[in-house]
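Chemist: So you can see what is in the structure, the chains are spelled out below.
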Amino acid sequence: MFEPVVKVKGLTKVFKSLKAVDSVSFSIFPGEILGLLGPNGAGKTTIIHMLLGLTTPTSGDIQVFGLDLRKRRKEIIQNVNFSSSYVSMPNSLSVKESLKVFARLYKTKNREKRIQELLEAFEIAGIKDKLVRHLSSGQQTRLNLAKALINDPKVLLLDEPTASLDPDIADKTRTLLRSIKKDRNISILYTSHNMREMEQMSDRIIFLHKGQIIAEGQPEEVVRSFGRSNLEEVFLKVAREEA
Amino acid sequence: MRFHRIAALFMRHMYLYRRSLPRLIEVVYWPLLDLLVWGFITVYLAQYRQNLPGFVTFFIGALILWDILFRSHQGISVSFLEDVWAKNLLNLFASPLSPAEYIFALMLVSVVKLVTVATIMAVLAWIIYSFNIFLIGVALVPFVLNLIVMGWTIGIITTALILRFGQEAEVLAWALGFLFMPVSAVFYPVSVLPRFLQTIAHYVPASHVFEGMREVISSGVFPLSQLMWSSGLNVIYIMAAFLFFRWNFNVVKRKGLLVRIGE
Ligand SMILES: Nc1ncnc2c1ncn2[C@@H]1O[C@H](COP(=O)(O)OP(=O)(O)O)[C@@H](O)[C@H]1O
Ligand SMILES: [Mg+2]
Numbered sequence: 001m002f003e004p005v006v007k008v009k010g011l012t013k014v015f016k017s018l019k020a021v022d023s024v025s026f027s028i029f030p031g032e033i034l035g036l037l038g039p040n041g042a043g044k045t046t047i048i049h050m051l052l053g054l055t056t057p058t059s060g061d062i063q064v065f066g067l068d069l070r071k072r073r074k075e076i077i078q079n080v081n082f083s084s085s086y087v088s089m090p091n092s093l094s095v096k097e098s099l100k101v102f103a104r105l106y107k108t109k110n111r112e113k114r115i116q117e118l119l120e121a122f123e124i125a126g127i128k129d130k131l132v133r134h135l136s137s138g139q140q141t142r143l144n145l146a147k148a149l150i151n152d153p154k155v156l157l158l159d160e161p162t163a164s165l166d167p168d169i170a171d172k173t174r175t176l177l178r179s180i181k182k183d184r185n186i187s188i189l190y191t192s193h194n195m196r197e198m199e200q201m202s203d204r205i206i207f208l209h210k211g212q213i214i215a216e217g218q219p220e221e222v223v224r225s226f227g228r229s230n231l232e233e234v235f236l237k238v239a240r241e242e243a
Numbered sequence: 001m002r003f004h005r006i007a008a009l010f011m012r013h014m015y016l017y018r019r020s021l022p023r024l025i026e027v028v029y030w031p032l033l034d035l036l037v038w039g040f041i042t043v044y045l046a047q048y049r050q051n052l053p054g055f056v057t058f059f060i061g062a063l064i065l066w067d068i069l070f071r072s073h074q075g076i077s078v079s080f081l082e083d084v085w086a087k088n089l090l091n092l093f094a095s096p097l098s099p100a101e102y103i104f105a106l107m108l109v110s111v112v113k114l115v116t117v118a119t120i121m122a123v124l125a126w127i128i129y130s131f132n133i134f135l136i137g138v139a140l141v142p143f144v145l146n147l148i149v150m151g152w153t154i155g156i157i158t159t160a161l162i163l164r165f166g167q168e169a170e171v172l173a174w175a176l177g178f179l180f181m182p183v184s185a186v187f188y189p190v191s192v193l194p195r196f197l198q199t200i201a202h203y204v205p206a207s208h209v210f211e212g213m214r215e216v217i218s219s220g221v222f223p224l225s226q227l228m229w230s231s232g233l234n235v236i237y238i239m240a241a242f243l244f245f246r247w248n249f250n251v252v253k254r255k256g257l258l259v260r261i262g263e
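Chains as they are written, first to last, in our numbering: chain A, 1 to 243; chain B, 1 to 263.
The shape of chain A in the complex, shown without the other chains (with noise of 0.2 Å):
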């Protein structure tokens, strides 16, 4: 097997007397897409932010690249990104442009060249010219995506990448996920609540709820766990016995 890129252990994050995220431990393999699935408020964005720097944890450790996160941030976040539905590019500013500010910020070389490609493989190149804000939100995540890839990553974040989507959209985002993934041989941890977007994404699943991992493996030993069909099954029957 070959070395984790990420490698999480004891992962704790407590907010005032919340526990938001409790003892979570899990690695994440090259070309892997880890999938966190959990109901609202299960802890997964802490997770992606405490992965980030950009929320401190309060115990456990964080390995990325065989590098401390605390002790090496700036080396490891070089060759991570990040891409949320709640979070936008500078929205007064057209589609290139906002690309060429985080091509320089992550100093990208080739830029035009690089900017150009995944405007092409994002289907963005006939509105890079439009400002950020007049985008629908199909346009938004995939320049979102973009931006994402525009330091050539090694490991991708993404938080609730396609929510904001209608369901042709989502699925074609998730197409485009899968095919950037095979391509480029990225590690992407993916959130969602939504089951099946998870079963048809994820090489792997955790389970999450209240902050701890409930299950994990591969989406169907995780159905199979909880005696259920599908995922669906197995969400709603923890979403329900909390209540």
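Hints were generated in silico from the structure; no laboratory data involved.
Check before you lean on any hint, since a few could be wrong.
[To be verified] Stretch by stretch, here's where chain B covers chain A in the computed footprint (C-beta under 8 Å, at least three residues):
(1) 43-55
(2) 83-97
(3) 104-117
Note that beta-carbon positions come from the ideal geometry of N, C-alpha and C, so glycine has one too.
Given chain A, work out where chain B with the ligands should sit, using these hints.
Modeler: The following block gives chain B with the ligands in isolation, referenced to the frame of chain A:
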């Protein structure tokens, strides 16, 4: 500290201004109004106080210099808000960009903004009131530098507070600078202030600049001691502001607020 990251941020803000007519107009609008209203009041008053030397110079000079401080402050705090409003802050800080690089880039943006505004104001003052800001002489350069640095300091503190307290603190992006106006002795000497405000004024770098400006206009003597005070205080304050920002940034990351700002 990497130049390419500072340049990226700087570029982001320059694109913003190039793209936005309202923002461009705003850069000129307020200073122009200030200059018109206060300038004409000054001209009017001067008709009755002809024996007061350099009256017009005091006022219009003070107005332009105050605006430099204010723009320097705003150049940081409002640019930061632009990133908050654009929901772009997380994308920036998810990159290798450091808080210090971010602040440096905003300092650069603020300098470009205030140089633009000050140039426009100086030219207008010359056209409308035949007022020549360079009358102040060589002391003008250290005056301006000190006002810029004090503006940065206020901008950095404002930014830290908005990061920490969110939307409720946004008004500080404009307001905090004005808080220092009464004790900066912009239009009147420190001596007219009540005692306790005089004491405060003494520790405000800008008050020394404006006192110095009046000194140089009325006596022509280079206000060395005022400049020393102003620069000394500024160096201490801006370093303190940087430390405050860094400490605050860590608190914000611990409380998980960085990712919530603008929500
Ligand atoms: N900065 C914060 N301060 C206090 N509580 C927070 C903060 N961020 C998240 N939480 C809480 O932590 C829990 C996990 O949130 P989150 O990671 O956003 O969940 P998910 O992304 O799975 O929906 C939620 O109960 C949320 O309210
Ligand atoms: Mg979430």
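Chemist: Under the constraints set out in the numbered hints, which ones does this structure not fulfil?
Modeler: Of the numbered hints, all hold.
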